[in-house]
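Novice: One-letter residues, chain by chain:
Protein chains: 6
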Amino acid sequence: MINMAKNIAAFGEVIMRLQVPGHELLSQSSTLNYTFSGSGVNVVSALARYGHTGYLVSKLPSNALGDAALSFLWKLGITHSLITRGGEYIGMYFLENGFGVRSSRVTYSNRSESSFNTASEDTYDFKEIAKQIDTIHFCGTTLAMNDSVRTQMKIFAKEVKERGGTVVFDCNYRPSLWGDNGYVKAKSHYEEMLHLADIVMMNEKDAMFILNMQTEKKERTEQLMELIPTVAKKFDISGIAGTHRSINDTNIHSLRAFIFKNQRFTFSKTLTFPVYDRVGAGDAYSSGIIYGELAGFTPEKTVLFAATAGMLAHTTVGDTPMSSKEDVLRAMTEAVNDIER
Amino acid sequence: MINMAKNIAAFGEVIMRLQVPGHELLSQSSTLNYTFSGSGVNVVSALARYGHTGYLVSKLPSNALGDAALSFLWKLGITHSLITRGGEYIGMYFLENGFGVRSSRVTYSNRSESSFNTASEDTYDFKEIAKQIDTIHFCGTTLAMNDSVRTQMKIFAKEVKERGGTVVFDCNYRPSLWGDNGYVKAKSHYEEMLHLADIVMMNEKDAMFILNMQTEKKERTEQLMELIPTVAKKFDISGIAGTHRSINDTNIHSLRAFIFKNQRFTFSKTLTFPVYDRVGAGDAYSSGIIYGELAGFTPEKTVLFAATAGMLAHTTVGDTPMSSKEDVLRAMTEAVNDIER
Amino acid sequence: MINMAKNIAAFGEVIMRLQVPGHELLSQSSTLNYTFSGSGVNVVSALARYGHTGYLVSKLPSNALGDAALSFLWKLGITHSLITRGGEYIGMYFLENGFGVRSSRVTYSNRSESSFNTASEDTYDFKEIAKQIDTIHFCGTTLAMNDSVRTQMKIFAKEVKERGGTVVFDCNYRPSLWGDNGYVKAKSHYEEMLHLADIVMMNEKDAMFILNMQTEKKERTEQLMELIPTVAKKFDISGIAGTHRSINDTNIHSLRAFIFKNQRFTFSKTLTFPVYDRVGAGDAYSSGIIYGELAGFTPEKTVLFAATAGMLAHTTVGDTPMSSKEDVLRAMTEAVNDIER
Amino acid sequence: MINMAKNIAAFGEVIMRLQVPGHELLSQSSTLNYTFSGSGVNVVSALARYGHTGYLVSKLPSNALGDAALSFLWKLGITHSLITRGGEYIGMYFLENGFGVRSSRVTYSNRSESSFNTASEDTYDFKEIAKQIDTIHFCGTTLAMNDSVRTQMKIFAKEVKERGGTVVFDCNYRPSLWGDNGYVKAKSHYEEMLHLADIVMMNEKDAMFILNMQTEKKERTEQLMELIPTVAKKFDISGIAGTHRSINDTNIHSLRAFIFKNQRFTFSKTLTFPVYDRVGAGDAYSSGIIYGELAGFTPEKTVLFAATAGMLAHTTVGDTPMSSKEDVLRAMTEAVNDIER
Amino acid sequence: MINMAKNIAAFGEVIMRLQVPGHELLSQSSTLNYTFSGSGVNVVSALARYGHTGYLVSKLPSNALGDAALSFLWKLGITHSLITRGGEYIGMYFLENGFGVRSSRVTYSNRSESSFNTASEDTYDFKEIAKQIDTIHFCGTTLAMNDSVRTQMKIFAKEVKERGGTVVFDCNYRPSLWGDNGYVKAKSHYEEMLHLADIVMMNEKDAMFILNMQTEKKERTEQLMELIPTVAKKFDISGIAGTHRSINDTNIHSLRAFIFKNQRFTFSKTLTFPVYDRVGAGDAYSSGIIYGELAGFTPEKTVLFAATAGMLAHTTVGDTPMSSKEDVLRAMTEAVNDIER
Amino acid sequence: MINMAKNIAAFGEVIMRLQVPGHELLSQSSTLNYTFSGSGVNVVSALARYGHTGYLVSKLPSNALGDAALSFLWKLGITHSLITRGGEYIGMYFLENGFGVRSSRVTYSNRSESSFNTASEDTYDFKEIAKQIDTIHFCGTTLAMNDSVRTQMKIFAKEVKERGGTVVFDCNYRPSLWGDNGYVKAKSHYEEMLHLADIVMMNEKDAMFILNMQTEKKERTEQLMELIPTVAKKFDISGIAGTHRSINDTNIHSLRAFIFKNQRFTFSKTLTFPVYDRVGAGDAYSSGIIYGELAGFTPEKTVLFAATAGMLAHTTVGDTPMSSKEDVLRAMTEAVNDIER
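Protein chains in written order, with our numbering: chain A, 711 to 1051; chain B, 711 to 1051; chain C, 711 to 1051; chain D, 711 to 1051; chain E, 711 to 1051; chain F, 711 to 1051.
Warning: the hint list may mix true and false statements.
It does not matter which identical chain is meant; a pair holds if it fits inside one copy or across any two.
Claimed, not checked - Below, computed lysine-lysine pairings styled on DSS-like, alpha-carbon distance capped at 30 Å:
1) K944 to K1011
2) K841 to K716
3) K943 to K915
4) K928 to K979
5) K1035 to K716
In short, the hints are calculated from the structure, not lab data. Owing to the predicted nature of the structure, the values given are computational and were not obtained by experimental measurement.
Input sequences plus hints: build the corresponding full structure.
Specialist: The following block contains the structure:
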């Protein structure tokens, strides 16, 4: 259908999401809804929905949970030929929905013992895989796991870069994953990945906290406009994109997106909208940036496409973006409709 | 209980509504909730709830789906003695709930092959039926179906008019039902129905697009006040009623209702409220107008009763209005309560 | 863990809450979710969650419903050693959730025939019970039941007071429970309880309507500041606390809390928030006041703790507060979070 | 459709059935499914399904529970014109499904305080009602309620009998409803009803225990054949019908039905089948007997039709029979099918 | 993983299955569970699960239902590259579960108007498709649809046969699809397909009723052994397989399978087992026969593998077989386990 | 109520059970029901239900999953004062229900990293705990975990034994937990525990496989009667109890229980019954033996009480026995009832 379809892979863990339905706590309910996601899953599923071929490079256990995860990835349209089976566990997180002033709460289980995170270093033939793919996506949460996974990630990035593929890196720093002195532990690993990356998702906070860069500015847009060009230059990154988010008590979020490219910042208008499911919306944004870049959109169109994809991902159930390209394009221009019928 | 109870019928299709629970898409969920509705169903069910006797003139298949539809109509308080059984199918629509900036989405199935839409022209003995009823309700969606249904509709309207009954016609033009050049195709059929109708639900858009009337005015209230009196005069309609709706992104709608009667416009105050279920609220408004007219309310009371009935129908589950007359009357005067206990 | 843990009891009925899930009416749905609650249940459960030992003094039927109620109280962390079994019924209420301009609706069943409300006067050995507890909580809804329950309540309050325990009384006047001329019927009973109480939950409306006190003031804060000191003096009450609530159509409530103590009013800031489940939030506020008083908080901290506990109780499912002490303390200071992970 | 359609009424309570889904206990679950039934509801609903007009003579509260009950009766096809509204409560029973060796368990609530059971003696105009109906059905459970209900029941039976209508009485003695010395208390009331009845549902146990009749026989068919003719003669009953049931541990029941009429016993073959929902199957049998008698079936056909209707009622959800006349007739002759498609 | 993996396609309709959960009727429930299946879907999904690549040659509408169907096929592991989008509808069937003596009931909707059944004759490039596949599966239900679909089916079969692929044909005659004089209408079409087929699923009833063959034998195994060799010879079919099923009232089925190949009958032992979901079990059997033939199993192993696959498909939810090859192989030898843990 | 109430503790892990509802596989469903159980949980919950005080000595994480587990233990009536909080994880198992010939399937997660299994050796003050309890229960699955847990278990058993308490040990050998050469690894640990135990749950298989004892006998009752007395003597065990189970394909199990005590075998009759939930039924049996021994029942009564408790536990939902003492005693004597009402 589209003859510009690319082979896009992500390297990352598949996580089982177990969500308490409605607004009860785990100590009140007796039911969970489960799906399977992960940053890489979300990104390549969205790109597959937009017409590319999306691969996941990962490892799943050879048991009923691994089978269920694999079926779910199929359902999301992900091509499974680069997924390895083995090991014992799958990472999980339990999600209790917040309401208004009560935040949603995430409780992880089994993440460090997962098949992906305990895979031996020779699990994947990255040289072979790099031949099959045009673009690879990495996420900072994977970088937080352990030395073995970090090593795999860097080798994989190098192989793709060497073959001329595009390396996308989403900083996505999570304090709870890095623990005490996290920024100090993380800095050198992030720097290595930034050197290998072509497209990076980050904002001024990452520059300030992970890369320990200084600024006198107080306002975040000013901080951003000062720091991001320096990062791009230092690490030789062709595109840096990200968002600024603000939140109020009644579940209305605002997003303003940017891309810095060819020495120029492009900002989207500020989108304001009520939120149904917050998790994974950043991945929808990333997939929008990747899609726009591969499609040769103008920066203005790319950043609005990505912001709109991100906005729509807040309105659907689950971590993984569910909107089609047509949905995103329509929401970029039209006002909200009464009912589509 | 009320000695002014009238026999009110509607002519129209029963449609099965299959709704994905919560906010998932059809491609995410595995469960549907189903009910049975239709414009006529909604109107006569509301009027039955208000104390009249509500009949439906329709046809349902002789199978398990037809049985389920019939049980549901019973549950809504509709008298079934004018319903015929036969044919094979029931029309269906699948509803995916939107959220915030994501619109709800309707997918139809089997509508043109339904028992109602394929009923032969001699299915109903309209002459006999006209003797039993005081008021008949028709909807513009039925007019969009096919020639046979259109013919039935016009014959039925004539029979009722001839016997001195009241003919209510809700324009309810749906672009997707009429297809390309829809307004051109629809015009003469609408004109025939308007000539037969006593009470009509429409607003300035129907006048401009269906009837192809011209106005220099830009603002919709001005357009309305210029065009509607012309329509009333041309087609000899005793009452024309309708609403103006505005929608924002966070699911808050505003409604302002009007009735034009005895050469005079009466407007309700503007009601503003959050929306739970949008479908069928227009039918609640229509039933309120019919109820007010039959009860001999002042135009001021009729239009507020109808607008309030419409507003409440946005707050209950399903297409069919569920509020009692007491609920509507109370909501016309009182502020919102904490909890009724 | 806390060596200041007190033995806190409540005297009151356990009520079964049968709630239509979602927003359907009882005449639309076919499913109910059930829990067990009651004003006393809510208060002592919250205090148990905060680290005290919470007892309920009540009576439950010796059948499957009584067993289910007891299991549920256990689940809430309530110590059951003061609960008696016998009688035939448990009080129930059916709850239909409102939406926006449509109020929630409560329908009671079997309340007056419940095991608690038909317990003979010698059911409980209040003298023995009074020895085991430091604080006792009573609610005005219990006072509305019948003479036998009222007698038990007053005997129990006297026994606790005589042994130096703290008596808490929440006025909680419900018009529907007292019927016609309710305020007249209720006045002497409320006065007796106020004479016995150390801490009272009430506001200016209770003073004006139940105690029939007069004021020239028009604004409710002014009324409050005039009347409450008089009540405190007349009945020799050491602390009186309460809230002012305002509600808008789109489910946003505002709460401002106060405590009057040592001749001084302390007010919290006004908290504004969307509401998920309104029932029982007043009990969360009461438990916050009791907790603060027992912990020796400043009035400023007590009143904000209680208001915040009340606010959070609007965001969780069910009548009974589910937030931990840490949740409340965090919400007193922090802005709303994105997601806790 | 059938020009022999009769007006058949039942006099009895509407009961709300609240069932724990699946096989959990009330102390394990948090969800209930609810429907509305009652012996009279079941019988006239089945007869309406078979083509007659089915009325219920009863009283329902004027609240949300009464509204829900009424909607449910509509859904079952019952004509509601003889139902009165008022009073406060509806009787309820909670049902926990058994499994294998664990019996199902029923817990009643609010039955004696229900609108029906507390209706004043002048609630119904039995003389007027008797004019509108051909056949009236009474159940022994209603006889167990209180003196007022018993009086209403006997007056109603007399009025119908006097006007030449048919009186059906189902003995249905429930030990738990009559309490200690129940048989002694019940005897005279049963005798009065038997004197008024034309068709009676009972078997030898009723004769032995309620009517205190003696027999030397040991085997139940022999007891039946000795005692039932004596009952028929003594009370001048034209038809007595009933069943013998046997049960095994794995949920397989066997039913053998009989009718005694014109001095002759007719037995059905023994039907053996697995059971899904036991409650209400006796009412399906009764409605089959009434249907057969009204249709002028041979005793052989009547007894098999009724037994088969009873058997099918064990296979559907809920108390109320859901099979059509065609379903029953087909099951009388055909072997079980693979799938009907 | 398996280097003998074949490309196996099926040509057929995707049908949406809408099933009432539990044992309620459509007129009792308000919820449906939906999946997507079809004879071809079932067969190629099973073969994909066993390690082959499974394609479906079909057409799905370009709407939300088509998207949901496609996601579901992905989830089943089916390769979607030969699926076309367009048209308006998807076929549906509603399933009400039977219990014991009450049969399950299927109600179809929209089948003849489905995208697949209304696809124009040039929809698929069968010549190209035939190049990509090794084996093609056809089902007799497709043959019943209309002339256009029949033509497509025969062209496709010829193309595959000409290129040396294997043609599998499952007779699967459904009386309700062919209508009056169905066998007469069907005969020539079946004969054409039998001439094109290499492997055929049928038994003696197909020979007698569709092909109008005569036999003096009374017992079905004798009829089978007389007629099947004649069919194989006449139509030059290399393998004919099928089953004999018997059913009792308590949901226990027995299956005995056979294959006739190289002039020799091989029978499996008779398997007896309780049934959870009957629909689609025949397709599991077919996929087992195809798998065994492709794997070069002995007839003894093939027939037992297929019968066991069929038996297991009766124990899982939905139309589509869910057992892995390992599950089938284990169940061929082991007794039933307590719990696998 | 009972003045013979004992303090009975269990030492063991709390496991979260996540069960696919109905009969779908993990790869088909999207919902899980969860409860919390464990061998020790099951035993002391049953004994608390019978009137004793049941403690659990265990460790739960300080997060939302730990809170949920604790609430659930409360709901089961377990006294939580000996439960420690800390660590990160809770063990989990996923349960897919089998049907007929398809076995149920269990998939474990996170068991070895659970708070309980990673608790440091000084977590519990066994000397203090031993003072508070009369009886302690251990399970062989705990013995399979790791050296640290095994050490804790043995120290705890010694402390209780030294203080004159009763030590109960359920062998419960699970091959999958011990891995290759499991019996060899397990033998010495089991022998240590047997030396410390007063009451042991085991049968002849444990003697043969774990203890490596030899017998010439072929039939299991003969093996049992030869080996168990030797075990009792060698390890100085006062009572050894166990069951023989047999299973057929249609979900009917048979249980015959025994106790060996005072040199004498006592067998129960063989109980045969259909099974709803197999997991945890062994713990119900153990709790019955403990209850009978503490109550001073005759061996005949003890063994029938325990077998019946075990049988009933097969008929209720979840791992944990839910029957009351009255339920067990009634089921020991009565035939299955129709319905209890």
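Novice: Look at each hint and say if it fits the structure.
Specialist: Consistency of the hints with the structure:
1. K944 to K1011: within (27 Å within a copy, 50 Å between copies)
2. K841 to K716: both (13 Å within a copy, 25 Å between copies)
3. K943 to K915: Only inside one copy: K943 and K915 sit 17 Å apart there, 57 Å across copies, limit 30 Å.
4. K928 to K979: Answer is both: 22 Å inside a copy and 29 Å across each meet the 30 Å cutoff.
5. K1035 to K716: Within one copy only: 15 Å inside, 34 Å across.
Checked against the numbered hints above, the structure breaks none of them.
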